[in-house]
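K.L.:
Sequence:
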Amino acid sequence: MERTRSFKTEAQGHLYLVPTPIGNLDDMTFRAVKTLQAVDLIAAEDTRNTQKLLNHFDITTKQISFHEHNTRERIPQLVAKLQQGLDIAQVSDAGMPSISDPGHELVNACIAAHIPVAPLPGANAGLTALIASGLAPQPFYFYGFLDRKPKDQRAEIEGLAQRPETLIFYEAPHRLKKTLQNLATGFGDDRPAVLCRELTKRYEEFLRGTLAELADWAATDTVRGEFVVLVGGNPAPTTTATTAVDLSEPVEVQVDRLIAAGEKPNAAIKEVANLRGVKKQVIYNTYHHLDKE
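Residue numbering for the sequence shown is 1 to 293, as defined by UniProt numbering.
If you're looking for bench data, these hints aren't it; they were derived computationally from the structure.
Just so you know, not all the hints are guaranteed correct.
Claimed, not checked - Think about it this way: if two alpha-carbon atoms lie no more than 25 Å apart in a straight line, the pair counts; the simulated SDA-like pairs of lysine to any residue are:
hint, residue 1, residue 2
1, Lys201, Pro250
2, Lys34, Ala118
3, Lys81, Ala109
4, Lys149, Gly186
5, Lys151, Ser6
6, Lys280, Arg257
7, Lys81, Thr47
8, Lys178, Phe145
9, Lys52, Ala219
10, Lys279, Thr185
11, Lys81, Thr4
12, Lys201, Gln51
13, Lys34, Ala136
14, Lys201, Arg48
15, Lys280, Ser100
16, Lys264, Thr222
What the hints assert, rightly or not - Each pair of labels, with its calculated beta carbon distance range:
hint, residue 1, residue 2, range
17, Ala261, Thr200, 37 to 43 Å
18, Asn266, Phe145, 35 to 41 Å
19, Val278, Lys34, 23 to 29 Å
20, Leu86, Val278, 31 to 37 Å
Glycine residues also receive a C-beta, built at the ideal position from the N, C-alpha and C atoms.
Let the hints inform the model, and build the full structure from the sequences given.
P.N.:
Next comes the structure, spelled out in structure tokens:
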């Protein structure tokens, strides 16, 4: 067990996780502005994009790039600066840090080094879409981006098909058509769903219907903007999958239970991986005893 206070005073610095607007700049909080003004350095996913935000709020704090392509190099540098007493704010291009950027790895590195991590509340596309979708707001299951490879995406969808919660996905416009087709195939044409486009921006809109109807729309209309895709949960799941998983139960037992309920082995392995929040290969290796060789 470890106990860390976000605001205790000591020689080392603090890592602040600062949300940024997902479209409308008025959604920037007073606290977020003050934090970005006060820290010694801002670790930004795209410094050019963040500079526009800083200019709008007259923030002159120096930036350093921090994105998926320089994570291995940058994290030790940022941790060293924090240990030297500098306060650092991490921001993504839009919304909450750590969701679709390498912030999670930085947070873990700070925790390992006993550096305080202070999260700020703010804009989040998934929850913003959820509360206006009309679908059940709780329980919900945030998945984020599905795999880009068609075969792997279909396997992911198959593993999620039995979940009873409202599902939240992110998707880029050029992949939306195919993703909706795969969702309709994997979940069923009649599953209720909502497309939330350009949230908080001038052209914000919600498209509500079945997965089949939304897939037809994406196939015939011009798709523009960033999307949050919400899908209603399975009202009558046919497997024993639940929203919680007993981590003390052997992986083999969980996979075999799903197979006995009618799922194919690969789909069962994928579903257990989703429930446990790990990569499919990890469960595959454990199930087939490849990690013990």
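K.L.:
Which hints, by number, does the structure contradict?
P.N.:
Hints 1, 5, 9, 13, 16, 18 and 19 are the ones this structure does not satisfy, whereas the remaining hints hold.
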